[in-house]
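Q: So you can see what is in the structure, the chains are spelled out below.
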Amino acid sequence: MSKLFLDFEKPIEDIYVQIEKVQKLGETQRVDVSEQVALLEAQIETTTQKIYADLNGWQRVQLSRHPERPYTLFYINELCKGDFLELYGDRCHGDDKAMVGGFGNLDGQTVMFIGQQKGTTAKTRQYRNFGMPNPEGYRKALRLMKLAEKFNKPIVTFIDTPGAFPGIEAEERGQAEAIARNLFEMLRLKVPIICVIIGEGASGGALGIGIGDRLLMMENTWFSVISPESCSSILWRSWDFKETAAEQLQLTAEHMKKYGIVDAIIPEPLGGANRNPTLAAEIVKKYLLEHLQQVQKEKPQARLQKRIEHYASIGHFKTSS
Amino acid sequence: MSWFKRITSGINTQTSQKKEVPDGLWFKCKKCRFTGTQKELSDKLFVCPSCGTHYSLSAQQYFELLFDEEKFEELFNNIEPEDFLQFSDLRSYKTRIAEATEKTGLKDAVRVGKGTLEKQAVVIVAMDFGFIGGSMGSVVGEKIALAIDYCIKHKLPLIIISKSGGARMMESAFSLMQMAKTAAKLTQLAEAQLPYISLLTDPTTGGVTASYAMLGDVNLAEPNALIAFAGPRVVKETIKKDLPPGFQRSEFLLEKGFLDRVVPRQKLKAELGQILSFFAH
Ligand SMILES: [Zn+2]
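Line by line, the protein sequences give chains A and B. Per my numbering, the very first residue in the first sequence carries number 4; after that it's consecutive. Per my numbering, the very first residue in the second sequence carries number 13; after that it's consecutive.
Think of the hints as simulated: they come from the structure by calculation, not from any bench. Treat each hint with caution, since some may be false.
[Unchecked claim] When the alpha-carbon atoms are kept at most 20 Å apart in a straight line, the in silico EDC-like pairs for lysine to aspartate or glutamate are as follows:
1. B:Lys268 to A:Glu172
2. B:Lys106 to A:Asp17
3. A:Lys13 to A:Glu23
4. A:Lys321 to B:Glu94
5. B:Lys252 to A:Glu232
6. B:Lys248 to A:Glu175
7. B:Lys83 to B:Glu130
8. A:Lys321 to B:Asp95
9. B:Lys248 to A:Glu250
10. A:Lys261 to B:Glu94
11. B:Lys165 to B:Glu86
12. B:Lys253 to A:Glu172
13. A:Lys321 to B:Glu263
14. B:Lys253 to A:Glu175
15. A:Lys321 to B:Glu203
16. A:Lys302 to B:Glu114
17. B:Lys268 to A:Glu175
18. A:Lys6 to A:Asp17
19. B:Lys252 to A:Glu81
20. A:Lys245 to B:Asp101
21. B:Lys248 to A:Glu232
22. A:Lys149 to B:Glu203
23. A:Lys193 to B:Glu130
It should be emphasised that the depicted structure is a prediction, and the values quoted were computed from it without experimental measurement.
The shape of chain A in the complex, shown without the other chains:
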């Protein structure tokens, strides 16, 4: 059981502390405390349910960044039961460790998996550049998508990034062009594309692998034009309004579903994907298979038409006469 608690999980943490105390008491006093422990454990369940029934935007953002949250390669390996082969490089500049991809076997069907990858330790977080791809990451993703298209394999992308990397070399090598190119090309790829937001869905860096026939969003993730922190610093001219910014940006899966930007919300195990990554992957798989089946039924031309029309229709404005 995870023992890492977020600030709003304090009531749950308190019960755990209580359980430990009771257990210690039972040991030292040599009394049976199993009944009290069972009661407290039931309390954990109900408290967690209560807290998780009503999370705000900022709390979802916190969960999406939970250090124990599963990342792209975990999902791919669970989905393919290990039958996955990673392919590297953009054939141009290098291999971006913040973007991974390769062929995998999803229930007997070959799928091209692509996604941003974060690290799980201090060292690997650095190695993965905190999930912030450089242009070669987006170009590698596109190379792999074209490979999938050539052999008529569907594409699944996992989105989890705080944004495309804003560094000198990234700008030199055309971060903007790389993202723009991916948008344009993904709109035209003849094979089915399913995109899943599994963590952070920040801005152009997320969208750069986020165009497809379906956009699915896990329950405790967010999707926005800017992170709440950056939004707070620009519009409120202070870092202190991230919670308010998160509310104003309306960035949760529920909002995105309501506004027709995502097609479905993938539920997570109680307490978030980090509490039970294997179960989270099982649920993701169920949704993936269902949506993949739906879009595979459509004729390629019709599917493409629908994809383009969907994106072309997004926006809210007034038309005066």
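Start from chain A and add chain B with the ligand according to the hints.
A: The following block gives chain B with the ligand in isolation, referenced to the frame of chain A:
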């Protein structure tokens, strides 16, 4: 040319330009401190006669500069912003829209014009930085989408003149999705085999650069324009080092291979005409 008269008389002058081009008979270049007359500056299309600094132009000024005899028909001027999310920071988005409209006399950060350029029919989409930093919201996306539909229907080439701070945060995910929307429409233009020339002007950053601005069949830029995905301040904060001189400027992007040409304003119309003519023949 008659258009500079209107500009100097202040009718079409935006606040940002007023700072750069002071009212009255004289102007002083903010870069080289050259002092000359207003007429001298406008005769040079708002390029400093001494150091070549390109001062910012509005959509109206680009239309009058590029369309033959300054004649054009404005299209889709009936599209206006809507505060769909009822966004509010220190001020409400509604207030920001009202203020921007009041200040600029515009409905949003982009205008669409149809006319001829060196006798070739063309649709020009031009952005106005004065309207909430030229930010891209639903109106920008929709007007580009309608412009592209119009190009396809009438078999016309498209020129987009970008000038933008990026996405419009007050429209949140809808603003982000305009990147996808404009790219989607550009795939249709490409499918129709109609040319798209992108002109990047100072500044073009963020989601605009990372969508339609970088997707031209030909990418042009005005000299020394800031062109970036992440703005220089963000890059500097990330790497905690000073940025190299000329970083993220037009000439830098040309050198790195992301622009076809850097075009001084004096030659802009002629070059655009030449490019359109290459596509047409
Ligand atoms: Zn000068």
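Q: All hints, please: hold or fail.
A: Results for each hint:
1. For the suggested pair Lys268 of chain B and Glu172 of chain A, the alpha carbons sit about 11 Å apart, so the restraint of at most 20 Å is met.
2. Taken as a hint, the Lys106 of chain B and Asp17 of chain A pair is broken in the structure, with Cα atoms around 44 Å apart against an allowance of 20 Å.
3. About 15 Å separates the Cα atoms of Lys13 of chain A and Glu23 of chain A, which keeps this hinted pair within 20 Å; it holds.
4. Taken as a hint, the Lys321 of chain A and Glu94 of chain B pair is honoured in the structure, with Cα atoms around 6 Å apart against an allowance of 20 Å.
5. Only pairs whose Cα atoms come within 20 Å are accepted, and Lys252 of chain B paired with Glu232 of chain A is accepted, the gap being roughly 19 Å.
6. Pair hint Lys248 of chain B plus Glu175 of chain A holds up; C-alpha atoms about 14 Å apart against a cutoff of 20 Å.
7. Distance hint between Lys83 of chain B and Glu130 of chain B is fulfilled; the C-alpha atoms sit about 12 Å from each other, no more than 20 Å.
8. Taking the CA atoms of Lys321 of chain A and Asp95 of chain B, the gap is near 10 Å; set against the 20 Å cutoff, the hint holds.
9. About 29 Å separates the Cα atoms of Lys248 of chain B and Glu250 of chain A, which puts this hinted pair outside 20 Å; it is violated.
10. Pair hint Lys261 of chain A plus Glu94 of chain B holds up; C-alpha atoms about 18 Å apart against a cutoff of 20 Å.
11. At most 20 Å may separate the alpha-carbon atoms for a hinted pair to count; Lys165 of chain B and Glu86 of chain B meet this at roughly 17 Å.
12. Pair hint Lys253 of chain B plus Glu172 of chain A holds up; C-alpha atoms about 13 Å apart against a cutoff of 20 Å.
13. This hinted pair does not check out: Lys321 of chain A and Glu263 of chain B have alpha carbons roughly 39 Å apart, beyond 20 Å.
14. Using a Cα cut-off of 20 Å, the hinted pair Lys253 of chain B and Glu175 of chain A holds, with the two alpha carbons roughly 15 Å apart.
15. Between the alpha carbons of Lys321 of chain A and Glu203 of chain B the distance comes to roughly 29 Å, so the proposed pair goes past 20 Å and is violated.
16. A C-alpha spacing of about 50 Å is found between Lys302 of chain A and Glu114 of chain B, which places the hinted pair above 20 Å, so the restraint is violated.
17. Distance hint between Lys268 of chain B and Glu175 of chain A is fulfilled; the C-alpha atoms sit about 7 Å from each other, no more than 20 Å.
18. For the hint linking Lys6 of chain A to Asp17 of chain A, the alpha-carbon distance of about 11 Å falls within 20 Å, and the restraint holds.
19. A hinted pair counts as satisfied when its Cα atoms are at most 20 Å apart, and Lys252 of chain B with Glu81 of chain A does not qualify at roughly 39 Å.
20. Our distance criterion of 20 Å between C-alpha atoms is met by Lys245 of chain A and Asp101 of chain B, whose separation comes to about 11 Å.
21. Restraint check for Lys248 of chain B and Glu232 of chain A: the C-alpha separation of about 17 Å stays at or below 20 Å, so the hint holds.
22. Note on Lys149 of chain A and Glu203 of chain B: the hinted pairing holds, with a Cα-Cα distance of about 18 Å set against a maximum of 20 Å.
23. The straight-line distance between the Cα atoms of Lys193 of chain A and Glu130 of chain B is roughly 39 Å, outside the 20 Å bound, and the hint therefore fails.
Going through the hint list in order, the structure does not satisfy hints 2, 9, 13, 15, 16, 19, 23.
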